[in-house]
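Participant: Sequence:
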Amino acid sequence: MKVLIDACVLYPTVMREMVLGAAGEDCFTPLWSPRILEEWARAAAKLGPDQDSVARAEIAILRDRWPEASVLPRDGDLRRLWLPDENDIHVLAAAIAGNADVLLTMNNADFPRHTLAEEGLRRESPDPFLCAFLDKNPDGMCRVASRVLTQAQTLSGEDWTIRRLMKKARLPRLGKALETYL
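Per this note's numbering, the sequence shown starts with residue 88, numbered consecutively.
For the record, the hints were derived by calculation from the structure and aren't laboratory data. It is possible that some hints are incorrect.
Unchecked claim - So the derived label-pair ranges between C-beta atoms look like this: (1) Ala-219 with Trp-153: 41 to 47 Å; (2) Ser-243 with Gly-207: 36 to 42 Å; (3) Leu-269 with Met-193: 40 to 46 Å; (4) Pro-199 with Leu-134: 27 to 33 Å; (5) Trp-153 with Thr-237: 43 to 49 Å; (6) Gln-238 with Gly-207: 33 to 39 Å; (7) Arg-161 with Asn-224: 19 to 25 Å; (8) Gly-207 with Lys-255: 33 to 39 Å; (9) Asp-151 with Pro-259: 31 to 37 Å.
All C-beta atoms in this analysis are idealised placements derived from N, C-alpha and C, irrespective of residue type, glycine included.
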């Protein structure tokens with residue numbers, strides 16, 4: 088399954104690490120466009136100039152790990168598509184260009200299901216999307232969650248629980264489900 092990941096899922100960090108961790112466990116094939124990655128870097132830069140550098144380093148790692156993930160929207164798709172927010176047309180066009188099955192976003196209002204269905208796509212939110220993988224691959228998703236939890240504890244110096252960390256990352260159902268495993 089090919090999944091186009093919107094910038095609002097790639098940034099913030101914990102959500103990105105969980106989603107890309109699932110991709111690393113072969114749950115799906117990730118896709119993005121250069122513009123989506125640039126949106127992530129610009130969002131990170133708002134937190135300070137050092138965050139721009141961190142984001143760009145992480146983007147370089149992603150590009151190296153998944154060299155086939157980057158897709159360019161086609162001009163014809165960019166001209167013919169309509170969405171409530173015209174600034175999101177490039178995301179849908181990239182999903183079409185990459186033959187994605189799913190558009191993974193937190194931005195439900197700007198990606199109407201019927202519009203995506205016309206293009207052979209379905210919209211998913213990260214929380215239920217990741218919960219489905221936990222059901223199918225609990226060992227793999229627990230490995231991912233353990234790594235993310237350890238990294239969050241190390242970087243923040245805070246004693247996070249998986250449930251609290253996932254809730255903060257806007258993945259509350261996943262956090263509750265993972266709590267029974269970890």
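Participant: Can you list which hints this structure breaks, lowest number first?
Facilitator: Violated hints: 1, 3, 5 and 7; rest satisfied.
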